[in-house]
Amino acid sequence: MRNVILLMHMSLDGFVAGPDGEMDWIQLDEQLFDDVAALTNTADTALFGRVTYQMMEGYWPTAAQSPTASKHDIEHAHWVNSASKLVFSRTLEQATWANSRIVRDNIPEEIARLKQQPGKHLLMIGSTRTAQAFMQLGLIDEYRLNVNPVVLGRGIPLFAGMQDTLKLQLVQSKAYGSGVVGLHYRKG
Amino acid sequence: MRKVTSGHFISLDGVTEAPYEWQFDIFDDDMMAAMTDHINAVDTILLGRVTYQDWAAYWPTSTDEPYASHINTTPKYVVSTTLDTVEWGTYQTINLIKGNLADALGRLKQQPGKNIGTAGSPTLARRLLQAGLLDELTLMIHPVVVGKGRRLFEGDEALQRMKLVASTITKSGVAILTYRPA
Numbered sequence: 001m002r003n004v005i006l007l008m009h010m011s012l013d014g015f016v017a018g019p020d021g022e023m024d025w026i027q028l029d030e031q032l033f034d035d036v037a038a039l040t041n042t043a044d045t046a047l048f049g050r051v052t053y054q055m056m057e058g059y060w061p062t063a064a065q066s067p068t069a070s071k072h073d074i075e076h077a078h079w080v081n082s083a084s085k086l087v088f089s090r091t092l093e094q095a096t097w098a099n100s101r102i103v104r105d106n107i108p109e110e111i112a113r114l115k116q117q118p119g120k121h122l123l124m125i126g127s128t129r130t131a132q133a134f135m136q137l138g139l140i141d142e143y144r145l146n147v148n149p150v151v152l153g154r155g156i157p158l159f160a161g162m163q164d165t166l167k168l169q170l171v172q173s174k175a176y177g178s179g180v181v182g183l184h185y186r187k188g
Numbered sequence: 001m002r003k004v005t006s007g008h009f010i011s012l013d014g015v016t017e018a019p020y021e022w023q024f025d026i027f028d029d030d031m032m033a034a035m036t037d038h039i040n041a042v043d044t045i046l047l048g049r050v051t052y053q054d055w056a057a058y059w060p061t062s063t064d065e066p067y068a069s070h071i072n073t074t075p076k077y078v079v080s081t082t083l084d085t086v087e088w089g090t091y092q093t094i095n096l097i098k099g100n101l102a103d104a105l106g107r108l109k110q111q112p113g114k115n116i117g118t119a120g121s122p123t124l125a126r127r128l129l130q131a132g133l134l135d136e137l138t139l140m141i142h143p144v145v146v147g148k149g150r151r152l153f154e155g156d157e158a159l160q161r162m163k164l165v166a167s168t169i170t171k172s173g174v175a176i177l178t179y180r181p182a
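Which chain is which? The protein sequence lines are V and X, in order. With the numbering used here applied, the first sequence closes on residue 188, and no number is skipped along the way. With the numbering used here applied, the second sequence closes on residue 182, and no number is skipped along the way.
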């Protein structure tokens, strides 16, 4: 069964970025990179909101060619460049990244249709506003949250606009050497 | 050396208000063991004004054990500059810290004893963390997004790096994470 999986790096106080989008506080050690790579290998489709898509579209197509590309850059570039990419936006005019498609409306129907087709999981990394919309529509099947050992104080919260209580089931947790704790939940 | 500690039932989206509304069936053996460990590690309790006022109206006549005996008989200090007197039913185990909190905690820490732990009191906990007076913060993260209610972190704190010192999960899916300020 294809699942929609959300992967986010989060501060202890629930922020996914600083007030101006800062992400320099996010800790990524070797073990965590390996686990993210293992997760992406279970997915063949990447889901984006417009803002994240436009950032990624300008970076990943050539990231592996850079002389300073790390092993992780190369692996992730390979995965994301070949994955089917969906960007959820009413305003984006064109998606130039290879293997991309814009979804303008009827999101629940589109997701349901994709989940019926054979394939691997659908993975959303970042894309906070779209993640929130998906959460409110009940479209996220699994949450992979990497809780960083820092109180940011201010920033962009992951959970916003939730009207109803959302019960989850903790599938697994993992503490990394950096102090990050990975929490893996599925819909309860 | 005694530690000043603070533990909280908290939802995944950071809400600490009214846990009875979202805890569901969370009190399994693992959770009871964690609560027991916590009770055994603390012999002095710190309360903020709001928690004190709620709890002083409930615990002195409660029979909910082992919590009632623990909270009623353990020495308690209410941190408040606005209250003049504090009471706890017929118990003589309640005191008031009106003046300098750092000094008062410093004196308590010098006395022999177990840890000094907040109970409830998210505002006080936040204040202790921001003032560099908190030695350990434990979040019992429940597998639920609540959406509404007061949160432990209000969104206007200063940046504070932490170090993870312990992590465990309960069978019912609560992640108990303990940090100290880095």
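Any given hint could turn out to be false.
[Claimed, not checked] In silico BS3-like links for lysine-lysine, alpha-carbon gap of 30 Å or less: (1) V:Lys187 <-> V:Lys115; (2) X:Lys114 <-> X:Lys163; (3) V:Lys167 <-> X:Lys114; (4) V:Lys167 <-> X:Lys98; (5) X:Lys3 <-> V:Lys167; (6) X:Lys171 <-> V:Lys174; (7) V:Lys174 <-> X:Lys98; (8) V:Lys174 <-> X:Lys163; (9) X:Lys109 <-> V:Lys174; (10) X:Lys171 <-> V:Lys187.
[Stated by the list, open to error] Using C-beta positions, here's what the derived DEER-type ranges look like: (11) V:Ser178 <-> X:Gly99: 36 to 42 Å; (12) X:Gly99 <-> V:Asp73: 53 to 59 Å; (13) X:Gln92 <-> V:Asp34: 38 to 44 Å; (14) V:Asp34 <-> X:Asp84: 57 to 63 Å; (15) X:Thr82 <-> V:Gly21: 38 to 44 Å; (16) V:Ala175 <-> X:Leu159: 50 to 56 Å; (17) X:Gly99 <-> V:Gln169: 44 to 50 Å; (18) V:Gln94 <-> X:Ala18: 45 to 51 Å; (19) X:Gly113 <-> V:Lys120: 42 to 48 Å; (20) V:Gln31 <-> X:Ala18: 33 to 39 Å; (21) X:Asn40 <-> V:Ser84: 38 to 44 Å; (22) X:Arg150 <-> V:Gln94: 29 to 35 Å; (23) V:Pro67 <-> X:Lys171: 33 to 39 Å; (24) V:Asp73 <-> X:Gln53: 54 to 60 Å.
[To be verified] Beyond 10 Å from chain X on every Cβ pair, some chain V residues (computed): (25) Ala64; (26) His78; (27) Met135; (28) Gly188.
Quick caveat, the hints were computed from the structure, so don't treat them as lab data. Backbone N, C-alpha and C define an ideal beta-carbon position, used for all residues, glycine too.
Fill in: Those earlier numbered hints the structure runs against, lowest number first
3, 4, 5, 7, 9, 13, 16, 19, 21, 22, 23, 27 and 28
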